[in-house]
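*Asks:* What follows is the residue order along each chain.
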Amino acid sequence: MKTDLEVNTSPIPEELLQRVEARGINRRDFIKFCTATTAALALPVSFIPTVAQAVEDKRPPVIWVEYQSCSGDSEAFLRGNQPTAGELILDLISLEYSDVVMAASGHQAEEAKHQAMEKYKGQYILVVEGSIPTGADGAYCTIAGESAMVDCKKLVQNAAATICVGSCSSFGGIPAAAPNPTNAVSVSSLVPGAAIINLPGCPVNATNLTATIVHFMTFGKLPAVDRLGRPKFAYGKRIHDNCERRGHFDAGQYAEAFGDVAHRQGHCLYKLGCKGPESFHNCPTVRYNEGISWPVMAGHGCIGCSEPGFWDTMSPFYRRLPKVPGFGIEDTADKIGIGLAAATAVAFGVHGVASCFRKGDAMEEDKVVKED
Amino acid sequence: MLKIYYVWELPVRICHWINVLSVIMLSITGFFIGSPFITAPETSMYVMGWMRFLHFAFAYLFTVSVAARIIWMFIGNHHASWKAFIPWVTAEGRQNFIKMFRYYTFTGKKITYEVGHNPVAATAYLGIFALFIFQIISGFAMYGQFEPGGFWNGLLGGINVLVGNQWLRLLHHGVMWLLAGFIINHIYSGWLMDLKMRNGTMSGIFSGYRYIEPEDL
Ligand code: HEM
Ligand code: HEM
Ligand code: SF4
Ligand code: SF4
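Going down the list, the sequences are from chains L and Z.
Per this note's numbering, the very first residue in the first sequence carries number 32; after that it's consecutive.
Per this note's numbering, the very first residue in the second sequence carries number 24; after that it's consecutive.
Please note that the accuracy of each hint is not assured.
As the list claims (entries may be wrong) - A few chain Z residues that face chain L, going by a derived Cβ cut-off under 8 Å, partial list only:
no.: 1; residue: Pro-59
no.: 2; residue: Val-70
no.: 3; residue: His-140
no.: 4; residue: Phe-174
no.: 5; residue: Trp-190
no.: 6; residue: Glu-236
What the hints assert, rightly or not - Below, computed lysine to any residue pairings styled on SDA-like, alpha-carbon distance capped at 20 Å:
no.: 7; chain 1: L; residue 1: Lys-263; chain 2: Z; residue 2: Trp-175
no.: 8; chain 1: L; residue 1: Lys-398; chain 2: Z; residue 2: Thr-130
no.: 9; chain 1: L; residue 1: Lys-398; chain 2: Z; residue 2: Gly-223
no.: 10; chain 1: Z; residue 1: Lys-219; chain 2: L; residue 2: Ser-386
no.: 11; chain 1: L; residue 1: Lys-302; chain 2: Z; residue 2: Ile-51
no.: 12; chain 1: Z; residue 1: Lys-133; chain 2: L; residue 2: Ser-386
no.: 13; chain 1: L; residue 1: Lys-390; chain 2: Z; residue 2: Thr-130
no.: 14; chain 1: Z; residue 1: Lys-133; chain 2: L; residue 2: Glu-396
no.: 15; chain 1: L; residue 1: Lys-263; chain 2: Z; residue 2: Gly-223
no.: 16; chain 1: Z; residue 1: Lys-106; chain 2: Z; residue 2: Gly-139
no.: 17; chain 1: L; residue 1: Lys-63; chain 2: L; residue 2: Arg-50
no.: 18; chain 1: L; residue 1: Lys-263; chain 2: Z; residue 2: Gly-167
no.: 19; chain 1: Z; residue 1: Lys-133; chain 2: L; residue 2: Asp-392
no.: 20; chain 1: Z; residue 1: Lys-219; chain 2: L; residue 2: Val-381
no.: 21; chain 1: L; residue 1: Lys-401; chain 2: Z; residue 2: Leu-25
no.: 22; chain 1: L; residue 1: Lys-268; chain 2: Z; residue 2: Leu-178
no.: 23; chain 1: Z; residue 1: Lys-132; chain 2: L; residue 2: His-382
no.: 24; chain 1: L; residue 1: Lys-268; chain 2: Z; residue 2: Phe-169
no.: 25; chain 1: L; residue 1: Lys-366; chain 2: Z; residue 2: Leu-25
no.: 26; chain 1: Z; residue 1: Lys-132; chain 2: L; residue 2: Phe-379
no.: 27; chain 1: Z; residue 1: Lys-133; chain 2: L; residue 2: Thr-316
no.: 28; chain 1: Z; residue 1: Lys-132; chain 2: L; residue 2: Glu-395
no.: 29; chain 1: L; residue 1: Lys-390; chain 2: Z; residue 2: Asp-239
no.: 30; chain 1: L; residue 1: Lys-390; chain 2: Z; residue 2: Gly-213
no.: 31; chain 1: Z; residue 1: Lys-122; chain 2: L; residue 2: Asp-392
Just so you know, these hints were derived from the structure itself, not from any lab.
Glycine included, C-beta positions come from ideal geometry on N, C-alpha and C.
Just chain L, same shape as in the assembly (with noise of 0.2 Å):
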């Protein structure tokens, strides 16, 4: 007799599941990949085998370098319980060169990146994590000799497409920040024309990686974009819109300190300078570490990391609106305004009181009727 274990519900062929458990991947694992990826791509239900199908027999090879970054969004990918989408991915894709997890090292990995990248010409996949300086003729940062920004070009005109993990590559992040000393850019304005799609946030969130290689392994092309080049499907909505705080919003209850009652209550954290009325991101639905939270649900305000420029932008993190330019770190838009505003009336009321006491510029005063 068989137990229900053993009988496949799920809509992927019989036939495609015991190849990949013939490959050493899970079963289970395999058909959660799968559906939740197609999930997260917002596709129909109906489309679990075609996902499954194009996951299980292209080994797309990948090539993942690093150019000014923390290395968070490695970290990001790599991190978190089993089993991990990003472990399972690393079965079903052929990474070909990785600065984080790759046993090579020096001259060796650098051979193997070449090699790569013409064995694979026009095929591979490019992940690009960290922003590439500009300044010095790209002095700043160098691999085997070779500037970022010679490396980075030549492997994206290459590339069959260009996946741009976490707020550096995308818009320049942090290096890019001002006063950006080293004139760190974007992979898309250093190679401006190419097919890169971008998935900024600090880090990237891995579910979105994941399933961005999926679609391209499945439909052979990139998903679409918004007007920032990040794909519909991840930041098509506004955390604010989306945000489980977002009842108290609307009724008006706010945090107004950390660790106040109404934080402790999980109030809406908006005074407490949340972004994410202004940041496009599914980390509310998504969230991080295999599901488990998010920053606004850890009790900590968005900020806005998946936007371009979020560094300068954003900041103040704790303030709802940026600093005025020109003006002190403690003067907000509203007391300047007020202070303009009261300018405005004490000089009117000045020359109100010089104009009352004007004598002969009134028009008509031949024509002023005396009544006695």
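The hints should help you fit chain Z with the ligands onto chain L, whose structure is shown.
*Replies:* Structure of chain Z with the ligands alone, referenced to chain L:
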């Protein structure tokens, strides 16, 4: 002999007062959106929800009114015309502008006597209409973000990318204070001219009529 002129036609007056109401309501609700000073005791309340609803409702009213006034600039009388807002393109307008400016700064004695706007006021209104349009565009660009790919986002979403979401908010917020400064100035100047010109400046925006001594023109 004093003559009675019909200066501000009905559409001009209606638009003016709808704009006044909208700007006041938009400023109050906008200020609240910026720094919500009421804390709701119950989660079932809808304080911010209503404030935002009012902001958006008056935003639509305001937009229709400003658009109507702009259309009227091409239909109405010459005081309502768009040409009235750029008085300094003619030599006479420039002269009157300087004369009026000198009056305000206590360096000249005479007021320029006009049937419609005086040139300094007209210039201020040009700036105000620019700020109105700025608020409408920036406002709807922010508004459209609730539905990426929707009508407003499709139309104005590029502005968010160009300016950046946070700067756009700061500018939208800052312009509220510029408008507040204008209102103080505007009511004061209206009062002053009512006092000095004796031609019904203030009542004119209610009735449409002004009392002009043709000899003074
Ligand atoms: C005279 C005109 C207006 C004034 C004085 C005004 C004022 C304000 C202020 C002070 C804020 C708060 C900004 C902040 O601190 O974040 C705001 C927010 C906003 N305004 Fe306006 N506004 C005006 C017109 C409009 C118009 C025409 C629209 C068009 C829909 C609009 C849409 C918005 C939106 C969408 C927000 C953000 C609301 C949110 O975060 O939920 N505003 N406005
Ligand atoms: C939110 C407040 C206000 C705004 C934004 C505003 C704006 C304007 C604008 C744009 C005009 C030009 C009218 C046109 O040609 O369409 C105007 C004219 C005028 N407004 Fe206002 N207004 C405001 C409040 C008031 C108030 C409270 C009063 C009177 C108590 C007033 C009295 C007048 C008068 C008398 C004129 C005619 C000006 C002239 O003769 O040059 N306004 N206003
Ligand atoms: S985007 Fe954030 S996590 Fe990624 S490299 Fe830059 S700083 Fe590190
Ligand atoms: S916590 Fe932030 S994202 Fe959530 S409702 Fe409040 S302001 Fe919006």
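*Asks:* Each hint should be assessed against the structure and marked as holding or not.
*Replies:* Now for the hints, and whether the structure bears them out:
The criterion of a C-beta within 8 Å of any C-beta in chain L is met by Pro-59 (chain Z), whose closest approach is roughly 6 Å, and the hint holds. The interface hint given for Val-70 (chain Z) is met, as the beta carbon of that residue sits about 3 Å from the closest beta carbon of chain L, less than 8 Å. Nearest Cβ of chain L to the Cβ of His-140 (chain Z): about 16 Å, over the 8 Å cut. The hint is violated. At a threshold of 8 Å, the smallest CB-CB gap from Phe-174 (chain Z) to chain L is about 15 Å, leaving the interface hint violated.
Hint status for Trp-190 (chain Z): holds, given a least beta-carbon distance of 6 Å to chain L, under 8 Å. Because the closest C-beta pair between Glu-236 (chain Z) and chain L is about 6 Å apart, less than 8 Å, the hint holds. With a C-alpha separation of about 17 Å, the suggested pairing of Lys-263 (chain L) with Trp-175 (chain Z) holds against the 20 Å cut-off. Between Lys-398 (chain L) and Thr-130 (chain Z), the direct Cα distance comes to roughly 26 Å. Violation of the 20 Å bound is thereby established for this hinted pair.
Distance hint between Lys-398 (chain L) and Gly-223 (chain Z) is fulfilled; the C-alpha atoms sit about 15 Å from each other, no more than 20 Å. As the CA atoms of Lys-219 (chain Z) and Ser-386 (chain L) are separated by approximately 9 Å, the hinted pair is consistent with the 20 Å bound. Between Lys-302 (chain L) and Ile-51 (chain Z) the CA atoms are separated by roughly 18 Å; this keeps the pair inside 20 Å, and the hint holds. Restraint check for Lys-133 (chain Z) and Ser-386 (chain L): satisfied, since their Cα atoms lie roughly 13 Å apart, inside the 20 Å limit.
At roughly 14 Å between alpha-carbon atoms, Lys-390 (chain L) and Thr-130 (chain Z) fall within 20 Å of each other, so this suggested pair holds. Restraint check: the Cα-Cα separation between Lys-133 (chain Z) and Glu-396 (chain L) comes to about 13 Å, which is no more than 20 Å; the hinted pair holds. For a cut-off of 20 Å, the pair hint linking Lys-263 (chain L) to Gly-223 (chain Z) is broken: about 59 Å separates their Cα positions. At most 20 Å may separate the alpha-carbon atoms for a hinted pair to count; Lys-106 (chain Z) and Gly-139 (chain Z) meet this at roughly 12 Å.
Distance hint between Lys-63 (chain L) and Arg-50 (chain L) is fulfilled; the C-alpha atoms sit about 16 Å from each other, no more than 20 Å. The suggested pairing of Lys-263 (chain L) with Gly-167 (chain Z) holds, with an alpha-carbon distance near 16 Å, which does not exceed 20 Å. For the hint pairing Lys-133 (chain Z) with Asp-392 (chain L), the CA-to-CA distance comes to about 6 Å; that is within 20 Å, so the pair holds. A C-alpha spacing of about 17 Å is found between Lys-219 (chain Z) and Val-381 (chain L), which places the hinted pair at or below 20 Å, so the restraint holds.
Note on Lys-401 (chain L) and Leu-25 (chain Z): the hinted pairing holds, with a Cα-Cα distance of about 17 Å set against a maximum of 20 Å. As the CA atoms of Lys-268 (chain L) and Leu-178 (chain Z) are separated by approximately 17 Å, the hinted pair is consistent with the 20 Å bound. Proposed proximity of Lys-132 (chain Z) and His-382 (chain L) is supported: the alpha carbons are some 15 Å apart, at most 20 Å. Restraint check: the Cα-Cα separation between Lys-268 (chain L) and Phe-169 (chain Z) comes to about 7 Å, which is no more than 20 Å; the hinted pair holds.
Straight-line distance between C-alpha atoms of Lys-366 (chain L) and Leu-25 (chain Z) comes to about 48 Å, which puts the hinted pair past the 20 Å bound. Between Lys-132 (chain Z) and Phe-379 (chain L) the CA atoms are separated by roughly 18 Å; this keeps the pair inside 20 Å, and the hint holds. The hinted pair formed by Lys-133 (chain Z) and Thr-316 (chain L) fails the criterion: a straight-line CA distance of about 68 Å is larger than 20 Å. The straight-line distance between the Cα atoms of Lys-132 (chain Z) and Glu-395 (chain L) is roughly 14 Å, inside the 20 Å bound, and the hint therefore holds.
At most 20 Å may separate the alpha-carbon atoms for a hinted pair to count; Lys-390 (chain L) and Asp-239 (chain Z) meet this at roughly 18 Å. Distance restraint check for Lys-390 (chain L) and Gly-213 (chain Z): the Cα-Cα separation of roughly 19 Å lies within the 20 Å cut-off, and the hinted pair is therefore satisfied. With a CA separation close to 13 Å, the supplied pair Lys-122 (chain Z) and Asp-392 (chain L) stays within the 20 Å bound.
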